[in-house]
Amino acid sequence: MSALNAIRCQNCGGAIAAQAGVPLPRCLFCASDAVVPFDPPEGLEQPGQAIPFVITQPDAEARFADFAGSSIWYPGDLQSAELELQRLLVPAWAWNGRLETHWTALVYGGATKSGKQPVAGVETVSFQQVLIPASKSLTVPEMRALGHYDEQALVAFDPHRASDPYEVAEVTRSAARQLAGIEMEHRHRASLKGRHKAYRIRTSGLVHELSGETVLTPVWIGAYPYGDRVYRVLINGQTGTFVGEAPISWYKVAGAILGGVLAFLTFLLLIQICFG
Amino acid sequence: MATRSCPQCGAIVEMDPTHISATCAFCDANLVDHTATLERPDRIAPFEVDGRRAVRALKSFLADQWLAPEGVRQAADPSELRAVFVPFYAYDAVARTRYECTVGVDWQKTETYTVEENGRTVTKTRTVTETEWFPLQGTHGRTWLDHLVSASRGLPEDESNRLEPYDLGRTHPYDPAHHAGMDAEHPTVPRHEAESTATTELEALEKRTIEREFLPGDHVRMLHTTSEFDIKKVALLLLPVWVAVVDTEDGQIRLLVNGQTAAVVGDVPRSTTKVLMLIAAALVAFLVIIVGWLVCNGGHGLLI
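Going down the list, the protein sequences come from chains P and Y. With the first letter of the first sequence counted as 1, position 196 gets the number 196 in our numbering; the numbers rise by one all the way through. In short: position in the second sequence from 1, add 1000, done, that's our numbering.
Incorrect hints may appear among the rest.
With a Cα cut of at most 25 Å, we get these calculated DSS-like pairs of lysine-lysine [what the hints assert, rightly or not]: (1) Y:Lys-1207 <-> Y:Lys-1233; (2) P:Lys-197 <-> P:Lys-136; (3) Y:Lys-1207 <-> Y:Lys-1232; (4) P:Lys-113 <-> Y:Lys-1124; (5) Y:Lys-1059 <-> Y:Lys-1274; (6) Y:Lys-1233 <-> P:Lys-113; (7) P:Lys-113 <-> P:Lys-193; (8) Y:Lys-1109 <-> Y:Lys-1124; (9) P:Lys-193 <-> Y:Lys-1207.
Rather than coming from a laboratory, the hints here were simulated on the basis of the structure. Just so we're clear, the structure is a prediction, and the values are computed from it rather than from any experiment.
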């Protein structure tokens, strides 16, 4: 790793590396330039495979433009905000195993006074090469919102020859195993809830024969300052799924409320005039 | 290292030769030489609370004991304060539980009723909550990690439970150098006994988890559970504890301080006078409420 260029962001704690000679002047997670050289600790497993990018830069920029114009409440100058979308590889773990989920639920239906009845069951599912994000800098909701990747597209990854920067994998195997169990149970719970049309569902899972390895997944990432905050957008580099939030223009909201009040008052005035 | 055992409480303590104590940290009895072959710990957690912070925690704990005699609440610094590494077994186990119960599901019902208002009969409606009950049975499965059981005869299990939690992520692989200068107790609870304690505690945890977090519906009754455990891993840990003896007018009190979190555990005597005063105050408050109710209702009701 000493032949690589690695930085740690002093603002958000993000750790990014690239092959030697590739500059990393700012943090890709929060756009801060408070970055310092960083020597990744020994002993952490680093990825040997990665999923290549499918979404191109013009496509990613077009998706951001669509997002910026998708709501009347976003500021009018959002589309011209200082945003540079960049390619980044984010760590994930590819897991194989079995999940035994014990579940209880309240389901609709049945000739009951409450319109619901309790049911219980247990279901075991096998999973092969299921990718579960393991980034320390992206949030869990962001990683879930990016959606799934096709793990069949994995190719060999050599950090010394990679053309894209990547987040240094800092989640240990032990912590990643726990994340895997939580995430697999979360997905299975959603599946059970849909199939049983449950009003409320609770689960408890047991993971068996779990084996996995760390890999890298492609993401277009951009962080832009607006007002006194930094907003972040992410685009799944394989499927194009867009994840991001934008500021609300409170001027537009205030204007809409004011306009509504004026329209209502005008309507009342007209009623008064017409009907005395 | 020198090894000593306590004939009174059974504790076996490994001591730094420069730090030999003649008396047991847990019960103050005289210690004897011990030459038995002892189990080597797997991991050890360092002290993160120093002596001064431990004393502050003790004083704060005593000051919060409102029913204790004032002499106890305002006790001076402990006459004795020892840093001891206490052995615990940490269990990883897979639990499978069969349960049977009755689950209640709330629903809203609108009902009509009549009242007399101003000499007329008026019909009104109100919403009441009813509960519909269903039998339910099934299974629950969960992996329990790092469940701690005291391996020390000097630290009873109920006291060790109150001393938790410990962050076991801050332990290191065992090395005698980690407790140089401090006492480290060897396990004196046999493994089979500790395992029995672990499964008993986990069975209770399973039942509580099922009732509070797993069953659907709004109410539960008649919950019966049967659990089976598959112990995956057992580790012997040494965890930091401050053992303090506080001298008071009412005698000596032994208190324990978690060497990681500064949580304090101990049985503190109660002041009979304060307890009687509390009961008297509660009775007076009750009588005031009753009298007030009687006055407001013209003296009817209770006296009939």
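Here is what the structure says about each hint:
At most 25 Å may separate the alpha-carbon atoms for a hinted pair to count; Lys-1207 (chain Y) and Lys-1233 (chain Y) meet this at roughly 22 Å. Only pairs whose Cα atoms come within 25 Å are accepted, and Lys-197 (chain P) paired with Lys-136 (chain P) is rejected, the gap being roughly 34 Å. Taking the CA atoms of Lys-1207 (chain Y) and Lys-1232 (chain Y), the gap is near 20 Å; set against the 25 Å cutoff, the hint holds. As the CA atoms of Lys-113 (chain P) and Lys-1124 (chain Y) are separated by approximately 23 Å, the hinted pair is consistent with the 25 Å bound.
Restraint check for Lys-1059 (chain Y) and Lys-1274 (chain Y): satisfied, since their Cα atoms lie roughly 20 Å apart, inside the 25 Å limit. Among the hinted pairs, Lys-1233 (chain Y) with Lys-113 (chain P) is inconsistent with the structure: their alpha-carbon atoms are about 48 Å apart, more than 25 Å. With a CA separation close to 22 Å, the supplied pair Lys-113 (chain P) and Lys-193 (chain P) stays within the 25 Å bound. At most 25 Å may separate the alpha-carbon atoms for a hinted pair to count; Lys-1109 (chain Y) and Lys-1124 (chain Y) meet this at roughly 14 Å.
Distance hint between Lys-193 (chain P) and Lys-1207 (chain Y) is fulfilled; the C-alpha atoms sit about 24 Å from each other, no more than 25 Å.
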